[in-house]
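Peer 1: Now for the letters of each chain:
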Amino acid sequence: MLILQDLFDVGKLFCDVLKLSGDKLRVAVVGFGKMGILHAGILNVLPKVQLVAVCEKSGLIRRFMKNLFRDVSVVDDVGKLSDLGLDAVYVTTPISCHFAVVKSIYNLKVASSVFVEKPLASNYGEARELCDLALKFGDVNMVGYMRRFSVTFRKAKELLDQGVIGKPVSFSAYAYSSDFFGVDKNSKIGTPKVGVLRDLGCHAMDLALWFFGNSKVKKAKIDSLFGKGSEDSAFFEVETECGVRGKFDVSWCVDGYRVPEVGFTVDGCNGVMRVNDDVLELNLNGGEKFRWFRHDLGDGVGFWLGAPEYYREDECFVKSLIDGKNFEPDFFSSAKVDLVIDEIKAKAKNK
Amino acid sequence: MSSREKAFLVGDNPFHGISHLSQERSRIRGDTPTSPEYAAKLVAIAVENGANGFMFSVSNTTLSILKILNENGVVEHLDLYGIVPYAYEYVRMASQKGGVPGLAKTVAKEIFFSGNFGAVFSGLNGVLRAKPISLMKAYLAYEISRIKTAAGKNARLNCVLLHQLVTDVCLGFSLDWLFRAYVDFMLDNGIKPGFNTGNFAFLVDKFRGWRMNLEDVIIAAPFNKVGFQMVPSKENCEKALASLPRPNVLAISILAAGYLKPEEAVEYIAGLLNIKGVVVGVSKEKHAYETFRLLRDKLT
Numbered sequence: 001m002l003i004l005q006d007l008f009d010v011g012k013l014f015c016d017v018l019k020l021s022g023d024k025l026r027v028a029v030v031g032f033g034k035m036g037i038l039h040a041g042i043l044n045v046l047p048k049v050q051l052v053a054v055c056e057k058s059g060l061i062r063r064f065m066k067n068l069f070r071d072v073s074v075v076d077d078v079g080k081l082s083d084l085g086l087d088a089v090y091v092t093t094p095i096s097c098h099f100a101v102v103k104s105i106y107n108l109k110v111a112s113s114v115f116v117e118k119p120l121a122s123n124y125g126e127a128r129e130l131c132d133l134a135l136k137f138g139d140v141n142m143v144g145y146m147r148r149f150s151v152t153f154r155k156a157k158e159l160l161d162q163g164v165i166g167k168p169v170s171f172s173a174y175a176y177s178s179d180f181f182g183v184d185k186n187s188k189i190g191t192p193k194v195g196v197l198r199d200l201g202c203h204a205m206d207l208a209l210w211f212f213g214n215s216k217v218k219k220a221k222i223d224s225l226f227g228k229g230s231e232d233s234a235f236f237e238v239e240t241e242c243g244v245r246g247k248f249d250v251s252w253c254v255d256g257y258r259v260p261e262v263g264f265t266v267d268g269c270n271g272v273m274r275v276n277d278d279v280l281e282l283n284l285n286g287g288e289k290f291r292w293f294r295h296d297l298g299d300g301v302g303f304w305l306g307a308p309e310y311y312r313e314d315e316c317f318v319k320s321l322i323d324g325k326n327f328e329p330d331f332f333s334s335a336k337v338d339l340v341i342d343e344i345k346a347k348a349k350n351k
Numbered sequence: 001m002s003s004r005e006k007a008f009l010v011g012d013n014p015f016h017g018i019s020h021l022s023q024e025r026s027r028i029r030g031d032t033p034t035s036p037e038y039a040a041k042l043v044a045i046a047v048e049n050g051a052n053g054f055m056f057s058v059s060n061t062t063l064s065i066l067k068i069l070n071e072n073g074v075v076e077h078l079d080l081y082g083i084v085p086y087a088y089e090y091v092r093m094a095s096q097k098g099g100v101p102g103l104a105k106t107v108a109k110e111i112f113f114s115g116n117f118g119a120v121f122s123g124l125n126g127v128l129r130a131k132p133i134s135l136m137k138a139y140l141a142y143e144i145s146r147i148k149t150a151a152g153k154n155a156r157l158n159c160v161l162l163h164q165l166v167t168d169v170c171l172g173f174s175l176d177w178l179f180r181a182y183v184d185f186m187l188d189n190g191i192k193p194g195f196n197t198g199n200f201a202f203l204v205d206k207f208r209g210w211r212m213n214l215e216d217v218i219i220a221a222p223f224n225k226v227g228f229q230m231v232p233s234k235e236n237c238e239k240a241l242a243s244l245p246r247p248n249v250l251a252i253s254i255l256a257a258g259y260l261k262p263e264e265a266v267e268y269i270a271g272l273l274n275i276k277g278v279v280v281g282v283s284k285e286k287h288a289y290e291t292f293r294l295l296r297d298k299l300t
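Going down the list, the sequences are from chains A and B.
Anchor point for the first sequence: position 15 equals 15 in our numbering, and the numbering is continuous, going up by one each time.
Anchor point for the second sequence: position 232 equals 232 in our numbering, and the numbering is continuous, going up by one each time.
Hints may be right or wrong, so weigh each one.
[Said to hold, decoys possible] Below are the DSBU-like pairs computed for lysine-lysine, each with C-alpha atoms no more than 35 Å apart in a straight line:
#, chain 1, residue 1, chain 2, residue 2
1, B, Lys109, B, Lys131
2, A, Lys319, B, Lys298
3, B, Lys276, A, Lys34
4, B, Lys105, A, Lys103
5, B, Lys261, A, Lys57
6, B, Lys67, A, Lys185
7, B, Lys276, B, Lys239
8, B, Lys67, A, Lys155
9, B, Lys239, A, Lys155
10, A, Lys289, B, Lys67
11, A, Lys80, B, Lys131
The set of hints was computed from the structure by calculation and includes no laboratory data.
Treat the numbers as computed from the prediction; the structure is a model and nothing was measured.
When you get a sec, could you build the whole thing from the sequences and use the hints?
Peer 2: Here is the structure:
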């Protein structure tokens, strides 16, 4: 029996090696909105990847895609991807569909490796279930918290780990965009049902978990500016397991944020660090000051689409597929973001 | 090369409140440059000091600026370089309208009510038969008519460039036939076809591979002393630039988004082959005066 099992393992290993040593990794994208287009475009130029199929619900977009991509299969249902011998699937659907789509990918054995755009799911219960499925059926997984691949935040993490500002004492974070700034309350425009916390605030929470470790929500307030149960801005306070206290301000109705921006100010025993998508500044207690823009931090990539961090993120996922090893932000680290968001909502409700 | 042949273009980034150095900087800079009257004044000052063109993304803001430039008689001293679509506005619209299908419906409505019958016919044909080329032609006809209406009959629409995001998505998907259709459509309309790209070396390589005539097109791409946004590297971009058959590249981001001093930025550009011109955004009257004087002095 043991010999049979060994033979099976060797056979599986041989197949895996054969698959990976073949020309290219076979990848499909589910959901061809702006993030689907962006990832598919980058994947298509990565030398070890072949975009094999796209799954899209909208009939109109599917018809156009069939005329646009002559060598790519276009389907309307995830199940139809199962016979394509895929190495990985990118899930870039609306957030509310992540759970059902990823579940189908695993259960129908469409592919054993999955990349999901952020956040992982619509609540922690779903996120935990996806983690269980990934452990049971999956190989490699990743969630699109692309700011971990930004040169400014990477440098900030490096400096925090080196203790350049000493032990962090407290921090304040923001995640702002102008997506709905100036929109009339009575207009037909609707904010995404998923709310600002899961759409935008999740980036700040993921970075805070990465920088400072797990945290508990102490206070929370969520405001609706457009009515009908919309969540348009949020303010909350957390405390990490190490006793670092943090404040977050999140909104998609702030003027001057043409592209979404996330930033932190961290107070440490030996100084203050300020970091956002564009710049990193250090003010040390001894009077020394440092400032780095993207220009100073080696922001070059092989192909530029959207922002350099998307390329690095996709490159990292492809590397993890080849190495057969998870890199963060994976399902397990990202599920913690969904947990914190659920805590914020519960706290805001019970206020 | 005579100064008339070299293009010194006023860029519109500050008019949209954009700073690629940091968003914070544009917030601190305030709203002044985004007022169409003030922006038109800056363009006029730049023209008095050596600018001979205006490069702009086609948006309500820039169309208002063009209208004022037309009324003031400045437009006839300018070559116009329009960039379509104004991608960031469309991305924002997609967020507000529930994604790409919602965005498509909104744009289709705009074209339909524009009264441009050629665009409407081509657009309907594109939608009914799911033909990307017909849809692209409808959209381009609509945008060109918007520019011409705002800029008036004395304006010279020299070139229409595909926005960086669209160019680079099409490059990513290797849509050579779409690039070709774009070039043919523009040439048929007597307008120079252009491409704004963040992947200059990649684009040159791809166009060569597809046997597209690089002499037919204008390319706008980042070139600066520190290699900011020069993908995959400064060296690769310089090499690709030197390999072109003729000067048809408009250097953008020459100041690396305000990271470099104008003097050192211009010195670097002056040493490059095949640069047709430069594009620089200005947010203050002093900048408009000094920058274009410097460009005219050092690059002609």
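Peer 1: Is it true that the CA of B/Lys67 sits at most 35 Å from the CA of A/Lys155?
Peer 2: 46 Å, violated
Peer 1: Assess, step by step, whether the Cα of B/Lys67 is no farther than 35 Å from the Cα of A/Lys185, and give holds or violated.
Peer 2: With Cα atoms ~31 Å apart, B/Lys67 and A/Lys185 stay inside 35 Å; holds.
Peer 1: Could you grab the alpha-carbon distance between A/Lys319 and B/Lys298 and see if it respects the 35 Å cut-off?
Peer 2: The hint is violated at about 47 Å.
Peer 1: Between A/Lys289 and B/Lys67, is the straight-line Cα distance small enough, at 35 Å or below?
Peer 2: Violated, at roughly 47 Å.
Peer 1: Does the structure keep B/Lys109 and B/Lys131 at a Cα separation of 35 Å or less?
Peer 2: Roughly 18 Å separates the two Cα atoms, so the pair holds.
Peer 1: Does A/Lys155 sit within 35 Å of B/Lys239, going by the straight-line distance between their CA atoms?
Peer 2: 31 Å, holds
Peer 1: For the pair we were handed, B/Lys276 and A/Lys34, check the Cα-Cα distance against 35 Å.
Peer 2: With Cα atoms ~33 Å apart, B/Lys276 and A/Lys34 stay inside 35 Å; holds.
Peer 1: Does B/Lys239 lie within 35 Å of B/Lys276 when you go C-alpha to C-alpha?
Peer 2: 16 Å, holds
Peer 1: Between B/Lys261 and A/Lys57, does the CA-CA distance stay at or below 35 Å?
Peer 2: 50 Å, violated
Peer 1: Would the hint linking A/Lys80 and B/Lys131 be met if the CA-CA limit is 35 Å?
Peer 2: 25 Å, holds
Peer 1: For the pair supplied as a hint, B/Lys105 and A/Lys103, confirm whether the alpha-carbon distance does not exceed 35 Å.
Peer 2: The given pair, whose Cα atoms are some 31 Å apart, holds under the 35 Å limit.
Of the numbered hints stated above, those contradicted by the structure are hints 2, 5, 8 and 10, listed in ascending order.
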